[in-house]
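2 protein chains.
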Amino acid sequence: MNEMEANQFREFGKAMIDYTAEYLENIRDRRVLPTVEPGYLRPLLPDQAPQLPEKWEDVLKDVEKIIMPGVTHWHSPRFHAYFPTANSYPAIVADILSGAIACIGFTWIASPACTELEVVMLDWLGKALGLPEVFLACSGGKAGGVIQGTASEATLVALLGAKSKAVAAYKTKHPELKEADIISKLVGYTSSQSHSSVERAGLLGGIKLRSLEPDSSNRLTGDIVERAIKEDIESGLIPFYCVATLGTTSSCTFDKLEEIGPVCNENDVWLHVDAAYAGSSFICPEFRYLMKGIERADSFNFNPHKWLLVNFDCSAMWLKDPTWLVNAFNVDPLYLKHDQQGSAPDYRHWQIPLGRRFRALKLWFVLRLYGIEHLQAHIRKHIALAHYFENLVRGDHRFEITEEVLMGLVCFRLRGSNDVSEALLKRINGRGVIHLVPSKIRDVYFLRLAICSRYTEERDIDVSWKEVKEAADEVLLAQK
Amino acid sequence: MNEMEANQFREFGKAMIDYTAEYLENIRDRRVLPTVEPGYLRPLLPDQAPQLPEKWEDVLKDVEKIIMPGVTHWHSPRFHAYFPTANSYPAIVADILSGAIACIGFTWIASPACTELEVVMLDWLGKALGLPEVFLACSGGKAGGVIQGTASEATLVALLGAKSKAVAAYKTKHPELKEADIISKLVGYTSSQSHSSVERAGLLGGIKLRSLEPDSSNRLTGDIVERAIKEDIESGLIPFYCVATLGTTSSCTFDKLEEIGPVCNENDVWLHVDAAYAGSSFICPEFRYLMKGIERADSFNFNPHKWLLVNFDCSAMWLKDPTWLVNAFNVDPLYLKHDQQGSAPDYRHWQIPLGRRFRALKLWFVLRLYGIEHLQAHIRKHIALAHYFENLVRGDHRFEITEEVLMGLVCFRLRGSNDVSEALLKRINGRGVIHLVPSKIRDVYFLRLAICSRYTEERDIDVSWKEVKEAADEVLLAQK
Chain A
1 MNEMEANQFR EFGKAMIDYT AEYLENIRDR RVLPTVEPGY LRPLLPDQAP QLPEKWEDVL
61 KDVEKIIMPG VTHWHSPRFH AYFPTANSYP AIVADILSGA IACIGFTWIA SPACTELEVV
121 MLDWLGKALG LPEVFLACSG GKAGGVIQGT ASEATLVALL GAKSKAVAAY KTKHPELKEA
181 DIISKLVGYT SSQSHSSVER AGLLGGIKLR SLEPDSSNRL TGDIVERAIK EDIESGLIPF
241 YCVATLGTTS SCTFDKLEEI GPVCNENDVW LHVDAAYAGS SFICPEFRYL MKGIERADSF
301 NFNPHKWLLV NFDCSAMWLK DPTWLVNAFN VDPLYLKHDQ QGSAPDYRHW QIPLGRRFRA
361 LKLWFVLRLY GIEHLQAHIR KHIALAHYFE NLVRGDHRFE ITEEVLMGLV CFRLRGSNDV
421 SEALLKRING RGVIHLVPSK IRDVYFLRLA ICSRYTEERD IDVSWKEVKE AADEVLLAQK
Chain B
1 MNEMEANQFR EFGKAMIDYT AEYLENIRDR RVLPTVEPGY LRPLLPDQAP QLPEKWEDVL
61 KDVEKIIMPG VTHWHSPRFH AYFPTANSYP AIVADILSGA IACIGFTWIA SPACTELEVV
121 MLDWLGKALG LPEVFLACSG GKAGGVIQGT ASEATLVALL GAKSKAVAAY KTKHPELKEA
181 DIISKLVGYT SSQSHSSVER AGLLGGIKLR SLEPDSSNRL TGDIVERAIK EDIESGLIPF
241 YCVATLGTTS SCTFDKLEEI GPVCNENDVW LHVDAAYAGS SFICPEFRYL MKGIERADSF
301 NFNPHKWLLV NFDCSAMWLK DPTWLVNAFN VDPLYLKHDQ QGSAPDYRHW QIPLGRRFRA
361 LKLWFVLRLY GIEHLQAHIR KHIALAHYFE NLVRGDHRFE ITEEVLMGLV CFRLRGSNDV
421 SEALLKRING RGVIHLVPSK IRDVYFLRLA ICSRYTEERD IDVSWKEVKE AADEVLLAQK
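These protein sequence lines map, in sequence, to chains A and B. Just so we're aligned, residue 1 is where the first sequence starts under UniProt numbering, counting upward by one. Just so we're aligned, residue 1 is where the second sequence starts under UniProt numbering, counting upward by one.
There could be a bad hint or two in this list.
Any copy, or any two copies together, can satisfy a pair, since identical chains are not distinguished.
As a list, the in silico DSS-like pairs of lysine-lysine whose alpha-carbon atoms are at most 25 Å apart [stated by the list, open to error]:
1. Lys320 to Lys466
2. Lys230 to Lys185
3. Lys337 to Lys426
4. Lys61 to Lys14
5. Lys142 to Lys292
6. Lys127 to Lys55
7. Lys337 to Lys440
8. Lys208 to Lys178
9. Lys256 to Lys480
10. Lys171 to Lys208
11. Lys440 to Lys171
12. Lys381 to Lys55
13. Lys208 to Lys185
14. Lys337 to Lys171
15. Lys173 to Lys337
16. Lys14 to Lys230
17. Lys426 to Lys173
18. Lys469 to Lys337
19. Lys320 to Lys480
20. Lys440 to Lys14
21. Lys480 to Lys61
22. Lys171 to Lys185
23. Lys480 to Lys337
Don't read these hints as lab results, they were simulated from the structure.
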């Protein structure tokens, strides 16, 4: 073919739809972690692109032959690493439409539907989570939501907004100071348990971020933040930003938001709440106690692309006052100006990149085609499965649970030194039936089992537990 | 339905494939710019998500009823605003597969195929463009390519790499200096004609970036950069970064890379080349003279998602030495460590976000299903169409061409004061048949007509020219 014409697209596209359904419905049968070595792929491909078009049938065959042997199957019920990343049929279909329209929604005029659906979907989603009105665009104020690519970007964006707010406030009080001097005095706070991207946001933004030690249950508390703020004010620094985590990556622990909020508010410190994984659970009213105090935050972020069945990338962020962000980033060339500026958000000012896809379609499709009730059922099922695994672990005296199980993550280890648990993980991943990653808090090494797939059933957890148990048998036998 | 089961997905997905083909093949018939007013969409939707699942047939109907009236049709041959954004059938199908696999490729082990296909595809692409070996992973050194989300991110990533390199070098020479003091002395260079995202990268990175005035043909030259570097060294600053643009957004002008390279190299200034739009043209050997001197650059970026038929987001970036970047961003929690670290790139260190989709599939599908020859034909056709429009403009004495036409962009205006050209643009966009955006250089206002759609033919350009001419008739008549 000389170009992929519409008719060939219809054939190829539909073949890929079938391939997708086959892949996902039978994902259990594939080895979760590939056995390839680094560099496996290059020898399987020509060393340059072809001059002439190939047939789509050949490309599709190569997917199974060349790509699949190197894929880690994140949607297999045998995958328990990291946190889940979402995958659903409605989101995949929405992305086809997004690819067809393929608009770049940097301003309202660049595609009004792209901006406006995002505004309304973030309201729908905020309401579904029980977020206070003060975060929603429908409240009629400045507030509203935006889709970021990742939680890392949301943390950075909030930091930059906080920075511009703090600099402006301090300049008003001390007009004699240079901006660079103010910036060098800014200090932000986070927990040593917060996600690595928080530390990275500080590096990127060129800002001092203090990594505070949480309390004995690994939670950042109001006292800890208050003490740090006081110390820094005494040393002549300017506290300006704090990140509280609801559901840390290591152990799914929740910082004491209810205590931290008032401390931040009293000290004019921008409070950003990172609920990347656990935020999806707030769609169930019974888990909202875990975000008590959220009304004190300045910005809130969670990833529907983790646990709410919306494919990556879709990280939902709400800001009470996006003005600081818009001002911080406002670079306004003529070719991006338009007549309706100010009457709808120009989302390019709300994010790091300029370009943006039509991602609100995924949210719209998922919310309508699942409905709130089914999304709640999805969350509840994962949490129930985590408790199911927890009970299996608790029933075996060789193991201990290292953190209260609140969401879909179980943290556990073999009793005794770290070595045995390290050996256990190595053996589990080596056997290749299931895949887990470890973590370590205060020098205690443990394994994290996350419920990740929307296909996971109790019988899958039985398989995973059998793997863990048998690997433990082997490790403990080898130690004798 | 209780969940979107596989069979329903097969139906819905295939219906969306058909909808996509219908939409794109008949896109000419839609009004390019919507007539909706800000806020049009909210009243058309319920004020919250449904409790129970809806039918996919209803969602698909609403796409046409609610979304399409608010879409700016970027792929219509009547769309001449900004620069093109890519759209092709192979890329759309590849994105379905990416959505099905839905892995997050932050490390090699997180999905080896995702990382390795990206490494090889960036080699394929680099070779197709005639990039020097020194940028390619297959050269065996540290160099290699990566897919960024946008050119804005590439500019920021290069700036952060340059910053970490400069700080390290200066610290070695002056161990007595604090990092903050060094950073406050860093100064970068760009042209006042470079993209707004370059200025923004400076703001984000908290770094001084000087916006230099280009020469009388709007090109940044070696002399201009050298003069600025000398001035700044004399003032005690540390020059560290320079962005040269190949194909500016305003007028598709090419900075004098061949002169700027040696100046940057001699002064240890990291040279980043932003060829976001025009870079795709280098797939045709006859346009490579426009990147002469590229071997002197430290990093090079262009957007296949603009002009090379790979849907957004796919911004290709090559770095001669990514070590500086990797070191700058290296935050390494246990849960992201793996045994093969170091033997393949862990792309999380090469970018701002942590998460990343399997985007190399789009490149692979597009390169194989078009083949180099057809991609070359696509570029050549767009450039020929630009010259076709240019000749129509040149044949009408009321108009002038304001910039040499080298790629698929024609910059033109009505002779006389800016007012008439401003009135012309207003009238053109108001008539609603075609869509353009303006720009202004040294107070001269002009219109930009970009060839954007892969469906554009000479007869479409005839329509666009007719619109321009008739709008000019009206404007000039009204002025009498």
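Here is what the structure says about each hint:
1. Lys320 to Lys466: Neither: 48 Å inside a chain and 48 Å across chains, both beyond 25 Å.
2. Lys230 to Lys185: within (14 Å within a copy, 31 Å between copies)
3. Lys337 to Lys426: For Lys337 and Lys426, only the inter-copy Cα distance (13 Å) is at most 25 Å; the intra-copy one is 56 Å.
4. Lys61 to Lys14: both (15 Å within a copy, 20 Å between copies)
5. Lys142 to Lys292: Close inside one copy (23 Å), not across copies (49 Å); limit 25 Å.
6. Lys127 to Lys55: Between. Shortest inter-copy distance 22 Å satisfies the 25 Å Cα cut-off; intra-copy 48 Å does not.
7. Lys337 to Lys440: Cα proximity of Lys337 and Lys440: across copies only (12 Å, versus 50 Å in one copy).
8. Lys208 to Lys178: both (18 Å within a copy, 14 Å between copies)
9. Lys256 to Lys480: For Lys256 and Lys480, the Cα distance exceeds 25 Å both inside one copy (43 Å) and across copies (71 Å).
10. Lys171 to Lys208: Both. Shortest intra-copy (19 Å) and inter-copy (19 Å) distances satisfy the 25 Å Cα cut-off.
11. Lys440 to Lys171: neither (42 Å within a copy, 34 Å between copies)
12. Lys381 to Lys55: Classified as between; 23 Å across copies, 43 Å inside a copy.
13. Lys208 to Lys185: both (8 Å within a copy, 18 Å between copies)
14. Lys337 to Lys171: Classified as neither: same-chain Cα gap 29 Å, cross-chain 43 Å, threshold 25 Å.
15. Lys173 to Lys337: Classified as neither; 34 Å inside a copy, 46 Å across copies.
16. Lys14 to Lys230: neither (62 Å within a copy, 61 Å between copies)
17. Lys426 to Lys173: Intra 57 Å, inter 45 Å, cutoff 25 Å: neither.
18. Lys469 to Lys337: between (62 Å within a copy, 24 Å between copies)
19. Lys320 to Lys480: For Lys320 and Lys480, the Cα distance exceeds 25 Å both inside one copy (59 Å) and across copies (51 Å).
20. Lys440 to Lys14: For Lys440 and Lys14, the Cα distance exceeds 25 Å both inside one copy (46 Å) and across copies (46 Å).
21. Lys480 to Lys61: neither (49 Å within a copy, 67 Å between copies)
22. Lys171 to Lys185: both (13 Å within a copy, 21 Å between copies)
23. Lys480 to Lys337: Neither, since 73 Å and 29 Å both go past 25 Å.
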